[in-house]
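Asker: Chains as they are written, first to last, in the working numbering: chain R, 0 to 324; chain L, 2 to 503.
Please note: incorrect hints may appear among the correct ones.
In the DSS-like style, the derived pairs of lysine-lysine whose C-alpha atoms are separated by at most 27 Å in a straight line are [said to hold, decoys possible]: (1) K497/L x K251/L; (2) K319/L x K214/R; (3) K190/R x K366/L; (4) K214/R x K313/L; (5) K366/L x K217/R.
Because the hints were derived from the structure by calculation, they are not lab data.
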Amino acid sequence: MENRTAIKRNSAIKTMATRTEFTLSLIIIALFLFAFFFTKAFGSPYNLTNLAKQGAIIGVLAVAQTSVIITGGIDISGGSIAGLGCMVMALLQTTTNMPFPMTVLSCLLVCVVCGVINGIIIYDLRVPPMIATLGTSTIIRGIVKLLCGGLNVTFVDERILSIGTNKLFGFLPVLTLFWIGVAVVVLLLLKYTTFGRNLFVIGSGIEVARLSGIKVRKMHYLVYAFAGLLYGIAAVMLAARVGMAQPGTGEGYDMNAIAAAVIGGASLAGGRGAVTGTILGTILMVLITNAGTAFKIDPYILDVTTGVLIVFAVAMDMLKSRKKA
Amino acid sequence: MDDVILKIDHVSKFYPGVTALNDVSMEIRKGEVRALVGENGAGKSTLIKCIMGVEKPNAGMIRMQYNGEWIVNNDALEAQSHGVFANYQNVNIAPDLSIAENYFLGRQPQNGLFVDWKKMREESQKIIDKFEMNVDPKAKIRELPLAMQAMVTISKISVNDDIRLVIFDEPTALLENEKVEILFRFIRELKERGVSIIYISHRLEEIASICDTVTVLKDGTYVTTGNVADIQKDELIHLMVGREMSDIYKIDHQKPGEEILKVEGFSDSEHFRDISFTLHRGEILGFFGLVGAGRSEMMRALNGVEKHLCGKVILKGKPVHIKNPTQALSCGIGFLTEDRRSDGCALQLPIKTNINMNSYDMISKLGWINLKQETARADKYSKSVNVKTPSLNQLVGNLSGGNQQKVVIGKLLCRQPDILIFDEPTVGVDVGAKQEIYKIMESLIAQGRGIILISSYLPEVMGLGDRLIVMSQGRITAEFDHEALQTLTEEDVLKKASFESR
Chain R
0 MENRTAIKRN SAIKTMATRT EFTLSLIIIA LFLFAFFFTK AFGSPYNLTN LAKQGAIIGV
60 LAVAQTSVII TGGIDISGGS IAGLGCMVMA LLQTTTNMPF PMTVLSCLLV CVVCGVINGI
120 IIYDLRVPPM IATLGTSTII RGIVKLLCGG LNVTFVDERI LSIGTNKLFG FLPVLTLFWI
180 GVAVVVLLLL KYTTFGRNLF VIGSGIEVAR LSGIKVRKMH YLVYAFAGLL YGIAAVMLAA
240 RVGMAQPGTG EGYDMNAIAA AVIGGASLAG GRGAVTGTIL GTILMVLITN AGTAFKIDPY
300 ILDVTTGVLI VFAVAMDMLK SRKKA
Chain L
2 MDDVILKIDH VSKFYPGVTA LNDVSMEIRK GEVRALVGEN GAGKSTLIKC IMGVEKPNAG
62 MIRMQYNGEW IVNNDALEAQ SHGVFANYQN VNIAPDLSIA ENYFLGRQPQ NGLFVDWKKM
122 REESQKIIDK FEMNVDPKAK IRELPLAMQA MVTISKISVN DDIRLVIFDE PTALLENEKV
182 EILFRFIREL KERGVSIIYI SHRLEEIASI CDTVTVLKDG TYVTTGNVAD IQKDELIHLM
242 VGREMSDIYK IDHQKPGEEI LKVEGFSDSE HFRDISFTLH RGEILGFFGL VGAGRSEMMR
302 ALNGVEKHLC GKVILKGKPV HIKNPTQALS CGIGFLTEDR RSDGCALQLP IKTNINMNSY
362 DMISKLGWIN LKQETARADK YSKSVNVKTP SLNQLVGNLS GGNQQKVVIG KLLCRQPDIL
422 IFDEPTVGVD VGAKQEIYKI MESLIAQGRG IILISSYLPE VMGLGDRLIV MSQGRITAEF
482 DHEALQTLTE EDVLKKASFE SR
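All chains, please: the whole structure from these sequences, using the hints.
Answerer: Right under this line is the structure:
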């Protein structure tokens, strides 16, 4: 009897796990086709390219968020960290003679350091991740404004701007390639490496992880630093897209990134999450706004829709975990 | 049968993979003190939870007579409003509040809009005096010793005006003898007031002195009910266990080999002091102690989970200083912790990940896992401990307690440890799986490994151990070798484990 119930449960879990991604894909395809055939604006090559660009930055941040959420953490400082990276790069490019690649590296480095600081505050000072990153987010945003004196800093280097405008084969924006690249790397990390496996174990139970010999402290530093690195990449993308570093660059991205991960099936309780789900979650969020605009729906209503979607996704997640318990 | 207050009608309760209660029926009368006995896992706790309305039976019904009507309690609050109270270990007190606040939780005496603190303290002092507790009502629960906390949970019941049924779940596990007398006085007083009592205890002599009737549960089923006066102790044990005791614990023992672990003068700041013992290959070393004796804390420190202050640990002749669990693993110590659900296995992850969890470094190069080996190892080790599952991708949270425990053992074996520390390996495990775990232990010692078995269930440590060490209040109070174990009685051991024998 024990075996039979186990089999039943197993197949149920399997369908549930695949269902998040399956349902998301269906909704996305339906929404896409609907908008494509019933509006003029949506199907234009310009808009489709734009759609791919819009998703890219949130997409990268959401993938970073996914790896943090899997450990049972959360990071709402991503937008601020990216903003700082962007500002540092802009200032280095406009006020110093530092070679271009070095300015990009500095941007990434600054973001990684911010990530490590998050990790230290969360693990060593035992501040809950939400509060810790709320704090660092505020601190970093303040530093950004101090650095630029509240003014925009415009990029002059062509190489940055070309990232924002260039397209591969004439239709695939370079920004989207960044997104795909990051997603593939994280996908592989989660599936094939001890790093990825350890993230899941920590999210499933930190004591379990510690007693299984996983270096929990190091893993905390690593995962937040890794997220920081991805924020750095997002910073470069932001710079490329906007062409300048603003005091508020990156603001408002974090909640969308978290929402995309959660809609994609990541559990805020930790131990569950997947890159594929997060990508679909990102696409769906961007699609709702974009298609909605094409249908000339009031953007405020679209905000409401996205909000409802987030609540719905988290409620489903809670329902699932409650059933399990 | 007007004086029946509680009627349990064909109650069954299933958890995934385990039948906790199977068609249990019984009745409790007004003013009756009923003992509920059975082995660990017999279903006593589940039955209590069902009576309190905390768990819903899958079949059958539990009703109580309340002012001439038959009613069903749907949750603990409802049960309490009908005069049903349960005394579990440490669960119904708020650790950061004072004793007085705990007594009057949710029913503070009011002085207009405000809490009447003076009255509350005075009333609390009365209760404290009555139970001879000799503490300040303003003392915070967290700062009290465990035994005193237990007394608070017991005395808290007396605050209520309308008491009809009180359930005591192992109330004396933490108590000193004189406090047990105070508890009994309280029970007799309740009985005189017509209150019914359900009394759960492993200590049969207590049952003989305080209970009227006794109901025996075994593996989730009802066995019998009788008058305490009519039943002999041996008979009771036989009814509880229902099989020859020696059978389940009968495993092939080995001749102890070389010494693999020696611990000397091991101490921390508060939980254990001056612990010394040795472990040999092929040996099962039993550790027994009551709750709070410090055995689990000591083992956690030995594995580097907690810190220790001083002491020497010698592994296979070499002194080592274990600072963290990672190091303990690489030293060849496998530690199965007491709390399987919180630190034994990752419930949301599949069996495959759980089994490989502590040994990914052995099957990966530069951080890249060899997925084939991962599956192969999961397959090998889950088979070696006989995990029953249709797939290695099954989430561990969906397995029964026994199978979860086997997964944890499989995980430990991945690193081929010489020393295995099993802390309460059979808690929450049904009898069949229990026996399987013993069989696994048998094969482990046959391979020349040494096992430290910690249990608060005496027959288990006495039946399986080659030697037995007894701890009380952080110190080793007795050590029995193989010969001594043959003639030892449970009473002898309990005496050494109890508080006064310091």
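Asker: Does K217/R lie within 27 Å of K366/L when you go C-alpha to C-alpha?
Answerer: 19 Å, holds
Asker: For K319/L and K214/R, compute the direct alpha-carbon distance and say whether it is at most 27 Å.
Answerer: 25 Å, holds
Asker: Between K214/R and K313/L, does the CA-CA distance stay at or below 27 Å?
Answerer: The hint holds at about 25 Å.
Asker: Are K497/L and K251/L close enough, with their CA atoms no more than 27 Å apart?
Answerer: Distance ~25 Å between K497/L and K251/L Cα, so the pair holds.
Asker: Need the status of pair K190/R, K366/L: alpha-carbon distance at most 27 Å?
Answerer: 14 Å, holds
In this structure, every one of the numbered hints holds.
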